[in-house]
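Visitor: Residues per chain are reported as follows:
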Amino acid sequence: MAQIMKVRPTKIELVRLKRRLKLSSRVQKIVKDRLSILTMEFLQTARDTVKAKQHAIDAMNQAYKAMTVASGYHGYVALQKELVACEADITVAAGPRSVAGVRLPSLELNEPSGGLRGYNLTQTSSLVDSASDTSREALRAIIELAELQRGLELLGAEINRTKRITNALEYILIPSLQATIRFLAMKFEERDREEKARLKRVKALLAAKA
Amino acid sequence: MLHQDDAQSRYDRFLETYLSGELKLVNAGLPRARKCLADLLEEGQPSVLCSDGTHQMLKRAELHYLESILDDDERRSLMLPMLIEMTGSGNDAIVLCPTGAELKVVAEVLGMEPRQEEHGRVRVYRPQLSVLRRKLKTTTQYAFSARALQ
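Chains as they are written, first to last, in numbering that gives the first Met the number 0: chain A, 0 to 209; chain B, 0 to 149.
Calculated from the structure, these hints are not laboratory results.
Keep in mind it's a predicted model, so treat the numbers as computed, not measured.
A few of these clues could be false.
[Stated by the list, open to error] Straight line, CA to CA, 25 Å or less: simulated BS3-like cross-link-like pairs of lysine-lysine:
#, chain 1, residue 1, chain 2, residue 2
1, B, Lys23, A, Lys31
2, A, Lys5, A, Lys21
3, A, Lys52, B, Lys134
4, B, Lys58, A, Lys52
5, A, Lys162, A, Lys31
6, B, Lys23, B, Lys34
7, A, Lys10, A, Lys186
8, A, Lys21, A, Lys186
9, A, Lys195, A, Lys10
10, B, Lys58, A, Lys50
11, A, Lys10, A, Lys21
12, A, Lys208, A, Lys195
13, A, Lys162, B, Lys23
14, A, Lys21, B, Lys23
15, A, Lys21, A, Lys162
16, A, Lys50, B, Lys34
17, A, Lys64, A, Lys52
18, A, Lys186, A, Lys199
19, B, Lys103, B, Lys34
20, A, Lys199, A, Lys28
21, A, Lys186, A, Lys17
22, A, Lys31, A, Lys17
23, B, Lys103, B, Lys134
24, A, Lys28, B, Lys34
Excised from the complex, chain A in its bound form (with noise of 0.2 Å):
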């Protein structure tokens, strides 16, 4: 049962109860709208971190195989000597991304232009280059995991800050809001009759002495 909030009965009270309630509803609507923006969002990037998880794991699996391959072809001493001279830094181009309100993160490879690969193609297998994809595809798929797990994180907090103001608003400050202008128009009413009988009783009387 809601609350009735301690206000004078009087009308300006009454008057300022009903434009509290506008202006709550109306900041519950723009709550409920971004929680279901949010949840939806939270959903897809729920559905897309498993898939990325898989893929990142399928992703790995395949580089370490080629990886294996290429350096049983090669040995591994000669193909760490080809790599050692083609090791490059990785560069992620990272930023925020707003999503009602929230910020997450965006991530993306840099990827080298000119698709050189940087070690000798003459002195070396198309092992070597499958490992070398692979391995790429494989940092890609972190990359992606990252930016996704990081996202599913700040989204769940932001659903549950969201979820208890709109409980607040929804169960607590509106039904009080409610329950008290109805509480003020029914003691209005009551005051208007209370009057209605005491003008009558007294319109009685005046008759009764004229």
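Following the hints, complete the assembly by docking chain B onto the known chain A.
Guide: What follows is chain B alone, placed relative to chain A:
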């Protein structure tokens, strides 16, 4: 009595501040100025300036996807990020499509001709919105308008 009045007006002020704060918060990611696809493709790190002063990064993969859909003229007319206006019903939204390029993108992503409410406004339903957002995460942006709350 004066004390009670003061407390109540403080309460109203709090609600008012909260409402405007929520509107500001949900619209913080709106772009201050949008850029066309052709310009963004030429940038080293494509991004747009948001209303809260931060930069929103746009993914190259998404830009290349849009590039593959559109021709040269449309690339110059498509302004990014595309805006999705929330209607307040929770079941659907409006994609603002001032030019034909946006309409073409929406049709291509959804795989169907979308329902056009009036000129430049395309209504998309929740499952369609989900598809649109999944494919164009950084190149679309939600917009909450006060009109929808009336």
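Visitor: Run every hint past the structure and note whether it holds.
Guide: Against the structure, the hints:
1. B:Lys23 / A:Lys31: holds (16 Å)
2. A:Lys5 / A:Lys21: Holds. Lysine 5 of chain A to lysine 21 of chain A sits at ~19 Å (cutoff 25 Å).
3. A:Lys52 / B:Lys134: Between lysine 52 of chain A and lysine 134 of chain B the Cα gap is close to 18 Å, so the pair holds against 25 Å.
4. B:Lys58 / A:Lys52: holds (20 Å)
5. A:Lys162 / A:Lys31: With a Cα-Cα distance of about 8 Å, the restraint between lysine 162 of chain A and lysine 31 of chain A holds, given a limit of 25 Å.
6. B:Lys23 / B:Lys34: holds (22 Å)
7. A:Lys10 / A:Lys186: The hint holds at about 10 Å.
8. A:Lys21 / A:Lys186: Roughly 21 Å between the alpha carbons, so the hint for lysine 21 of chain A and lysine 186 of chain A holds.
9. A:Lys195 / A:Lys10: With Cα atoms ~18 Å apart, lysine 195 of chain A and lysine 10 of chain A stay inside 25 Å; holds.
10. B:Lys58 / A:Lys50: OK: lysine 58 of chain B and lysine 50 of chain A at ~20 Å, within 25 Å.
11. A:Lys10 / A:Lys21: Within the cut-off at roughly 17 Å; holds.
12. A:Lys208 / A:Lys195: Since the Cα atoms of lysine 208 of chain A and lysine 195 of chain A sit roughly 20 Å apart, the hinted pair holds (cutoff 25 Å).
13. A:Lys162 / B:Lys23: With Cα atoms ~19 Å apart, lysine 162 of chain A and lysine 23 of chain B stay inside 25 Å; holds.
14. A:Lys21 / B:Lys23: Judged against 25 Å, a Cα distance of about 19 Å means the pair holds.
15. A:Lys21 / A:Lys162: This hinted pair holds, its Cα atoms lying about 20 Å apart.
16. A:Lys50 / B:Lys34: violated (32 Å)
17. A:Lys64 / A:Lys52: holds (18 Å)
18. A:Lys186 / A:Lys199: Satisfied, since the Cα-Cα distance of roughly 20 Å is no more than 25 Å.
19. B:Lys103 / B:Lys34: With Cα atoms ~18 Å apart, lysine 103 of chain B and lysine 34 of chain B stay inside 25 Å; holds.
20. A:Lys199 / A:Lys28: The hint is violated at about 48 Å.
21. A:Lys186 / A:Lys17: Given that 25 Å is the threshold and the Cα spacing comes to 15 Å, the pair holds.
22. A:Lys31 / A:Lys17: holds (21 Å)
23. B:Lys103 / B:Lys134: Roughly 14 Å between the alpha carbons, so the hint for lysine 103 of chain B and lysine 134 of chain B holds.
24. A:Lys28 / B:Lys34: Violated. Lysine 28 of chain A to lysine 34 of chain B sits at ~31 Å, over the 25 Å cutoff.
Going through the hint list in order, the structure does not satisfy hints 16, 20 and 24.
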